[in-house]
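Protein chains: 2
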Amino acid sequence: MWRLHQHPLCPFSRKVRLALGEKGVEFDMVKVAPWDAPDSFYSLNPAGRTPVLQHREKKIVLADSQAICEYLEEVSDERPLILGTALGRAEIRRLVALFDEQLWGDVTGPLMHEKYRKRVHLRQGPDSRVLRSAMRLLHEHMDYMDWLIDNRRWLAGAQLSLADFAAAAQLSVIDYLGGIEWSDHKGVHEWYRVMKSRPAFRGLLADKVEGLPPPRGYNDPNS
Amino acid sequence: MWRLHQHPLCPFSRKVRLALGEKGVEFDMVKVAPWDAPDSFYSLNPAGRTPVLQHREKKIVLADSQAICEYLEEVSDERPLILGTALGRAEIRRLVALFDEQLWGDVTGPLMHEKYRKRVHLRQGPDSRVLRSAMRLLHEHMDYMDWLIDNRRWLAGAQLSLADFAAAAQLSVIDYLGGIEWSDHKGVHEWYRVMKSRPAFRGLLADKVEGLPPPRGYNDPNS
Numbered sequence: 001m002w003r004l005h006q007h008p009l010c011p012f013s014r015k016v017r018l019a020l021g022e023k024g025v026e027f028d029m030v031k032v033a034p035w036d037a038p039d040s041f042y043s044l045n046p047a048g049r050t051p052v053l054q055h056r057e058k059k060i061v062l063a064d065s066q067a068i069c070e071y072l073e074e075v076s077d078e079r080p081l082i083l084g085t086a087l088g089r090a091e092i093r094r095l096v097a098l099f100d101e102q103l104w105g106d107v108t109g110p111l112m113h114e115k116y117r118k119r120v121h122l123r124q125g126p127d128s129r130v131l132r133s134a135m136r137l138l139h140e141h142m143d144y145m146d147w148l149i150d151n152r153r154w155l156a157g158a159q160l161s162l163a164d165f166a167a168a169a170q171l172s173v174i175d176y177l178g179g180i181e182w183s184d185h186k187g188v189h190e191w192y193r194v195m196k197s198r199p200a201f202r203g204l205l206a207d208k209v210e211g212l213p214p215p216r217g218y219n220d221p222n223s
Numbered sequence: 001m002w003r004l005h006q007h008p009l010c011p012f013s014r015k016v017r018l019a020l021g022e023k024g025v026e027f028d029m030v031k032v033a034p035w036d037a038p039d040s041f042y043s044l045n046p047a048g049r050t051p052v053l054q055h056r057e058k059k060i061v062l063a064d065s066q067a068i069c070e071y072l073e074e075v076s077d078e079r080p081l082i083l084g085t086a087l088g089r090a091e092i093r094r095l096v097a098l099f100d101e102q103l104w105g106d107v108t109g110p111l112m113h114e115k116y117r118k119r120v121h122l123r124q125g126p127d128s129r130v131l132r133s134a135m136r137l138l139h140e141h142m143d144y145m146d147w148l149i150d151n152r153r154w155l156a157g158a159q160l161s162l163a164d165f166a167a168a169a170q171l172s173v174i175d176y177l178g179g180i181e182w183s184d185h186k187g188v189h190e191w192y193r194v195m196k197s198r199p200a201f202r203g204l205l206a207d208k209v210e211g212l213p214p215p216r217g218y219n220d221p222n223s
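From first to last, the protein sequence lines are chains A and B.
The numbering of the first sequence is this note's numbering, which starts it at 1 and goes up by one.
The numbering of the second sequence is this note's numbering, which starts it at 1 and goes up by one.
If we strip away everything but chain A, and leave its shape as in the complex, we get (with noise of 0.2 Å):
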């Protein structure tokens, strides 16, 4: 069986998590902290980052969240992610990018550090300065996001594709530190709760970090 190497509030870990729920294919997880791994987990991923995936009964590691569910597109035909041709998948594939690499880069990993690992594990508290600047560059890819929902069905075209997944992941995560001002954008919020909706989604919400509970409403489809 698969196995998941993972940590609960790491953004990619979930990317992969709700691709391998919509293609049904069944895994285990293990708990990984990124910053404090092991060397075991160090000799199946070099780059020392989750999540990986692993096989042990047919030896198959795989590293790097893209990877990973470029992968599971090419071994199973269910419920495609990075679908449509070559010219969507490009837009699948540029939206991507830009959630795991800009949205993480601005938002999700500034609060990880602020808000989670100054708090849970250094006993720090967050700076402001950054919290403010995370927050300002939120709501513009919170704008960006509405214009996409605006102008279509979901985040890159007709049809639901590894774009939304890969940005629901992020936010989330950045939902679950509380930084998300709703209200301010209606079109990503009705799009998130209709995501929070799907079965693949249900574990994920139901994770908890120790030491940090997440907000209410959080893991509530409605809310």
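One or more of the hints may lead you astray.
Note: identical chains are not told apart, hence a pair may lie in one copy or across any two.
Below, a list of computed lysine to any residue pairs in the SDA-like style, where the Cα atoms sit at most 25 Å apart [as the list claims (entries may be wrong)]:
hint: 1; residue 1: K23; residue 2: S128
hint: 2; residue 1: K23; residue 2: L87
hint: 3; residue 1: K58; residue 2: G84
hint: 4; residue 1: K186; residue 2: M1
hint: 5; residue 1: K59; residue 2: A158
hint: 6; residue 1: K118; residue 2: G105
hint: 7; residue 1: K59; residue 2: N151
hint: 8; residue 1: K118; residue 2: R129
hint: 9; residue 1: K59; residue 2: G211
hint: 10; residue 1: K118; residue 2: Q102
hint: 11; residue 1: K118; residue 2: E101
hint: 12; residue 1: K59; residue 2: S223
hint: 13; residue 1: K31; residue 2: G48
hint: 14; residue 1: K59; residue 2: G88
hint: 15; residue 1: K23; residue 2: L83
hint: 16; residue 1: K59; residue 2: L83
hint: 17; residue 1: K31; residue 2: E101
hint: 18; residue 1: K118; residue 2: V130
hint: 19; residue 1: K118; residue 2: G187
hint: 20; residue 1: K31; residue 2: R152
The hints are simulated quantities; they were obtained by calculation from the structure and are not laboratory data.
Fit chain B to the known structure of chain A by using the hints.
Here is chain B on its own, set in the frame of chain A:
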């Protein structure tokens, strides 16, 4: 015809130039400074990043270097760069992500800022702590590349692949910025000489940026 919006020292632009060259796709180029891009560039790529590949007649705009490379792979049969089995392709994509994200974030990005942006555009001296940290991390990355080359014909396996071009694109920028102690990494040096001698590499090595000439040996395939 295809037009690449790029910057001569952007390793992601270089990666796409190499892929286009290897596949024999004709293109011309427009220079864009990602840190000072005009509004018209943001309308092509809301992420504001180089490279963007545009085909005006066909009204195609592609952004994000990996999305572009995956697109070229899907529409061209010439010299496959993401090739082999699904597992082999996952290994290529894992390494591309390692070089595009971690080698960039640890080394190329900080060196670009300290040695090029600060010197040429901001008229500031570099921060020696940042330079030292980048050089230490470069050493670790090159140790890992040495290990790959000791165990495989090319970085991702038996075949030349996009992983080699992604790595060479980053190293070529680091080399331009005078950052590589080749003598410590003979395996990588030998592999990089072979990469430099490929026809697709020529135009890239002839490129210069104002105010910062490359060091001796930079564009010599035998050096």
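Please name the hints from earlier in the document that this structure breaks, with their numbers sorted from lowest to highest. Checked against the structure, the hints that fail are numbers 1, 4, 9, 12, 19 and 20, while the rest are satisfied.
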